[in-house]
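Use the sequences and the hints to build the structure in full.
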Amino acid sequence: MSFPLLTATAALPAIGAVATAAVPAARRSAAKWLALLVSLATLALAITVLVRFDPDGTRYQLTESHAWIKDFGVRYELGVDGIAVALIALTAVLIPFIILAGWHDADPLETGSRRWRPTQGFFALILAVEAMVVISFEATDVFLFYIFFEAMLIPMYFLIGGFGDRAHEHGEEAAATQRSYAAVKFLLYNLVGGLIMLAAVIGLYVVAGNFSLQEIAQARTNGSLHMATSTERWLFLGFFFAFAVKAPLWPLHTWLPNAMQESTAPVAVLITAVVDKVGTFAMLRFCLQLFPEASKWATPVILVLALISIVYGALLAVGQRDIKRLVAYASISHFGFIIMGIFAMTSQGQSGATLYMVNHGISTAALMLVAGFLISRRGSRLIGDYGGVQKVAPVLAGTFLIGGLATLSLPGLAPFVSEFLVLVGTFTRYPAIGVIATFGIVLAALYVLVLYQRTMTGPVKPEVSAMPDLRARELVVVAPLIVLLIFLGVYPKPVTDIVNPAVKQTMSDVHKSDPKPEVEAAK
Amino acid sequence: MNPVNYLYLAALLFTIGATGVLIRRNAIVVFMCIELMLNACNLAFVAFSRMHGNLDGQIIAFFTMVVAAAEVVVGLAIIVSLFRTRHSASVDDASLMKL
Amino acid sequence: MENLIAPLIAAPLLGAAVLLLGGRRLDRVGHWVGTLLSATSFVFGLILFADLLGKDAEHRTLTQHLWTWISVGSFQADVTFRLDQLSMTFVLLITGVGSLIHLYSVGYMEHDERRRRFFGYLNLFLAAMLLLVLADNYLLLYVGWEGVGLASYLLIGFWQHKPSAATAAKKAFLVNRVGDMGLSIAIMLMFTTFGSFAFGPVLSHTGDTSEGKLTAIGLMLLLAACGKSAQVPLQSWLGDAMEGPTPVSALIHAATMVTAGVYLIVRSGAVFNAAPDAQLAVTVVGAVTLLFGAIVGCAKDDIKKALAGSTMSQIGYMVLAAGLGPIGYVFAIMHLVTHGFFKAGLFLGAGSVMHGMNDEVDMRRYGGLRKYMPVTFITFGLGYLAIIGFPGLSGFFSKDKIIEAAFAKGGTEGWILGGAALLGAAITAFYMTRVMLMTFFGEERWRNQPTRSPQAPSAEPAAEHRGEHAEPHPHESPKVMTIPMIVLAVGSVFGGAFFSIGDRFLHWLEPVTGHSEGDSPLSAAAVTGATMVCLVIGVAIAWAQYGRKPVPVVAPRGSLLTRAARRDLLQDDFNHVVLVRGGEHLTRSLVYVDHTLVDGVVNGTAAGFGGLSGRLRRLQNGFARSYAVSMFGGAALLVAATLLMRAV
Amino acid sequence: MMTHLAAYTTSTGEAFQFWVLGTVAVIGALCTVFMKKAVHSALCLAGTMIVLAVFYLANGAYFLGIVQIVVYTGAIMMLFLFVVMLVGVTAADSLKETIKGQRWLALLCGLGFGALLLAGIGNASLKEFNGTGQANANGNVEGLAALIFTKYVFAFEITGALLITAAVGAMVLTHRERTERAKTQRELSEQRIREGAHIPPLPAPGVYARHNAVDIAGLLPDGTPSELTVSKTLRERGQIRDVSTEALNDLRALEQRAEERLERTAIEPETFKRPEEASK
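In order, the protein sequence lines correspond to chains F, G, D and X. Take the first sequence: its position 264, counting from 1, is numbered 264 in full-length UniProt numbering, and each next residue is one higher. Take the second sequence: its position 90, counting from 1, is numbered 90 in full-length UniProt numbering, and each next residue is one higher. Take the third sequence: its position 5, counting from 1, is numbered 5 in full-length UniProt numbering, and each next residue is one higher. Take the fourth sequence: its position 226, counting from 1, is numbered 226 in full-length UniProt numbering, and each next residue is one higher.
Calculated directly from the structure, the hints in this document are not laboratory data. Honestly, I wouldn't trust all of these hints.
To be verified - Here are the computed lysine to any residue pairs in the SDA-like style, where the Cα-Cα straight-line distance is at most 25 Å:
1) F/K516 with D/Q76
2) F/K504 with D/W67
3) F/K512 with D/Q76
4) X/K37 with X/A75
5) D/K213 with F/P517
6) X/K151 with G/V66
7) F/K391 with D/G23
8) X/K36 with X/L86
9) D/K162 with F/G398
10) D/K162 with F/P394
11) F/K504 with D/D78
12) D/K371 with D/K549
13) D/K371 with D/G547
14) X/K232 with G/R84
15) F/K493 with D/S74
16) X/K37 with G/R84
17) X/K151 with G/A70
18) F/K461 with D/P163
19) X/K37 with X/L86
20) X/K100 with D/G611
21) X/K183 with G/R84
22) D/K55 with D/T40
23) X/K100 with D/S613
24) D/K162 with D/G23
25) X/K100 with D/L619
26) F/K493 with D/G200
27) F/K391 with D/R24
28) F/K516 with D/S74
29) X/K37 with G/V74
30) D/K371 with D/P474
31) X/K36 with G/L82
32) X/K37 with X/T73
33) F/K296 with D/S74
34) X/K100 with D/G610
35) X/K232 with X/T174
36) F/K391 with D/L20
37) F/K461 with D/K162
38) F/K391 with D/L26
39) F/K461 with D/T167
40) F/K512 with F/A298
This is the structure we're talking about:
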């Protein structure tokens, strides 16, 4: 391993963050461009990783390993499997769009109404988040992962608490208080999860003697490391709790709507499309590999919770009056699908879940960013304040509709593939749960179409009559995402090819194999 | 009788002094109580020196006295300046440690 | 030759892409581009048809594999097309009738500034429908299936500024989604049962599995069919779908959307053949819908809604036939094709009438129009004769066969179904005659009537441009609209005869669907006779009611049944009360629960900690003495500790 | 306990002395704590210290005994009294507790602590008890000196440093350097005018000709005493005698006697009460 590619992929945005923060206050636009360039360079690195990665090769590739804290056997160990590669690619792809979409979100306002918002800080924080997310996708050392899993919260906290919508129905003060409430809620929620995980991490060290995922997993599989059933279960719960908060899984979800509602659209995308993925990813990588038996033991409960998330999230999305909250609850429903796919313990389910992470990232980004553009035009997040936008801003409405259709996973768009895989994967092992989960697609249609109808159709409201259509920058943001949605919808092979081998590995970790069909008609 | 009683007495006096410190509000009286405690300690030291048959205990008691003297001097000075500023010698008036 | 299948779909898809992304530049030529591309795919269809005819009956199946779509473990979904006689039939129907409707729309939508987008949607509709009928596996079919749903959503809600249109579109999509749920569950069941969901493996291995499984699959497929084909209980969207422009109604009702369900059932014939219970369910649904639609059709004063009711009932016929198994499949498809002709003709005619009447849709404000729009009158009349099954016209052959087949099912079921079919025929005759009389005969009720009557708020912007609100001036529509009507009229006159002389259609389709002659308790002649009698009765009653005595402009209150029928037999009210209201309450209460309960627990914990720390803060009262007390207590504890340590 | 301390006993004289003086010491200590006025506390403490000095002597710590009397009772206690005078002899801080539950907590801790301490000593194994006999063989003072200047010499030096520091600290704290020159009479008067303070001389204390003591507040026309008439210090010490009612009561008595002499029945009540008192 000559050139530490993975380290570079994570380090580049980190350095970029520092550089961006260092740009003098007057040169705001310079900071923006710098951040954009860094994110694009990171994308290039991520693509190199994608290319260098050989799906049929060994499980973990491009590995790096250096001793770090000898006394506790903590090592700086990086390595990627197919799942990680896919998610790194997703992150690297989304960040440039997020930056571009938030181009003016952090500009200081001339009016003294709102305190000066440091642009440099905004973009630096976004890059910092990217760096941490990437490295936590790469880390194969539990302790290393834990550190960045937690450290992620710091920049997120400032992004949520520091940069809100310019428009707020209850005026500036209310906005500030609600923002800080949301930020603190986000922080505390995840800190509690992280704390419990820390206890589990230490417990793991006590049991296993080191933090290396590969070594422990290997020892687990060849039986050289035996855990008492109760120990394994407790450790599993410790890890799973943290990931379930991050994911988020019902009933640990209530931080997400506040966070997404109060933060600007790009940050909301960052939360739900990038950061939360770490939680589901970690379930797949750590929970299943380190504690296979406990995972199987907990599967029924987790599946039921996931099912509740799906239906519950969708129903609440229907009941929302706030566009962003609606999207947030929709995401909760989708995370329910992802977790269900992971714990269905079938190759379809887990490949579908991984695919779902990618697709959900893209589709939510598309929907949420367009929603953000809409909100920035009218200056309100309330659905009731819109109407007839389709007539004045057809392109905006069209992209919004496509994003919505992706969210309701219309066949031909990317999310359909993953959602159907998850459903099939679940159905083959737990038919009842699969059938109930299918109701989710009806509810999804309901909330998306209601949202579209109330905002875009009907007679044009006077407030929106002067609304401009999408600008060039905004089109640059949305169009590629839509193209990506359609492409992955009709030709998901590139992703599945990378993911499938990794999923096969995970399946063998938990000693599970797909249930055989009743009639072998496929041949 | 046996000299252990001296120790009992010392303990008793010490306790009384301590309680006084807690109960009284007048800084001067508080100081007196502290003196009382110190003296109780001295008595104990002296009794110990008698037990062990060497003079170390007395030496310690002697040092205690010296330190007590110094402490009284400084303490009373503090009280005086306190009284100068806030016209009272109550320890409760100087409750600035509150949040 | 099979390489022509992909272009067949690609052409309209390309059209949709170009028209929707093209922007304003294409506004002037857009409609012609759309029409041209759909015509192109019709031409491709014809070429392929010729090719198929060239082969002998057994080898008339072309497949084209493009790429592997999804491949995870044993889950293999390919993008593969399959063209056999069944799909060929549909391709011709869809592209043919579709192209005619395109042509018609050029005139009909002339005054709409968003015409380009309209044609884009039309092309999308065709593409989705073609994908549906050409797919080689159920998952790909599902793509077309939902694509049709999307296109219908876009077209029904084309006049989005009308809340009613937007709502109708949403309703259509949602109701279809319920059906789609059935389809996806069916696919999952197939996967777990057969390890595949491609037509080949599934349909050829139905013998290897239990009947229960197959029944489940069948019922799920039926649910899907109900959604798309507007069968009871998922029919409620069809009536509202009339909010869309009339050509859309024609397209949905004649060529594309509603026929999908029938296609699905016939395509999955093997499954149903092996699951009699599912078949029975299909026939029941068909029979019920047949009567339901007919009754609704009788009560509507809105010409489009009346035709919608008739569609429902005609599709009911087809579903009924499809449910009868091999004895019915062919006739289901045959009726589907003929129905495609005459129903399209009827709708285009209706559109032409509205076009001439400032988009007035209330038949009670028509009357005596035959003088003013002769072409429309004749074509509409021929369509009318066809649908009521006038001897010699296409409806006569196809419907007659279905009724025969229904009787041929045998046993009491046969009698019941057959009876229902006969009754349906009578009612059909009644309401179609009613439409005919109210529209083209009687005195001219539109004279000195302000148009835009309250119960017909469908304000089409085309009319708003012309801005006519005074008394309408009925006039014949332009050529571009009448030509398609004429073509369709021809089809609806001769189609049936052409198909059934020498059982051409039967032989064409048999290799795919299979066919068996049931043992009918009645002779074919008897059935035909009975049908004729019913027909005459229906027409007679209609004449008695609407022909002899004048039609009141304001609808009479009518009997209980009439009023119920006007409200779609209260099915919408049921939905509204149970689903909509209930759903609203559910979501609202859940929002409350989420805020107070789930979030309340969290915030409660936080508040609890806050309060606790507040209490502890009190200890820091700043009095040196109380600190001293704690110190002293601590000292005491230390002493105690040391003593204890010594003690033990 | 006598059993395993049989090795060593003391003379009955010392026993008698211990019990008598011990009682005195304890009483003194208690008084120190519970006396209302600081002066009394100081005096009681002095007593206790003297008793302790006697005990030192009895324990063969002659030097300490003397030092105790001289330094403590002599110097330190005088210092205390001096400060008490400075702050106010009769500044009686009421024993009423202001901090809730402080007293009970204090007593509880005290009792618990004492009990524990006594118990500790009780079961401490204090077997051998060899007196200071040979330790004081060649003089107690010499012995101490030997130790101080050999073994504890560093500690001794440090204490010296400590004492000096203390002395300096005391000076720093108490002695205020006058930085600006003193204000002249004129300036003071001008300042008074500027601040609009009480300009004419303060009213004199005393009522009528009967009470002219400085601690008696003069009465205002309505018979209420005026704060202004007594000095600030007295006011702060709360040493004001209110005689506002006395004069009236005397008058009442006088009239009553006169009436008795003239055989009239008293109509008014016996003593005249100030209105606000009556309202109480």
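F/K504 and D/W67 were given as a pair; does the straight-line alpha-carbon distance stay at or below 25 Å? holds (23 Å)
When you check the alpha-carbon spacing of F/K391 and D/L26, does it fall within 25 Å? holds (18 Å)
Given the hint that X/K183 pairs with G/R84, does the C-alpha gap stay at or below 25 Å? Satisfied, since the Cα-Cα distance of roughly 20 Å is no more than 25 Å.
Taking only the CA atoms, is the gap from X/K37 to X/L86 under or equal to 25 Å? holds (14 Å)
Verify the proposed pairing of F/K512 with F/A298, using a straight-line Cα cut of 25 Å. Roughly 15 Å between the alpha carbons, so the hint for F/K512 and F/A298 holds.
Holds or violated: F/K391 and D/G23, Cα atoms, limit 25 Å. holds (14 Å)
Take a quick look at whether F/K391 and D/L20 sit within 25 Å of each other, Cα to Cα. holds (15 Å)
Restraint status (C-alpha distance of F/K296 to D/S74 at most 25 Å): holds (22 Å)
Holds or violated: are the alpha carbons of X/K151 and G/V66 at most 25 Å from each other? Judged against 25 Å, a Cα distance of about 17 Å means the pair holds.
Holds or violated: F/K493 to D/S74, with C-alpha atoms at most 25 Å apart: OK: F/K493 and D/S74 at ~15 Å, within 25 Å.
Checking one constraint from the list: CA of X/K37 to CA of X/A75, max 25 Å. Satisfied? Within the cut-off at roughly 21 Å; holds.
Is the hinted pair D/K55 and D/T40 satisfied, with a Cα-Cα distance of at most 25 Å? Given pair D/K55, D/T40 holds - Cα atoms ~23 Å apart, limit 25 Å.
Going down the numbered hints, you'll see the structure goes against none, and every one checks out.
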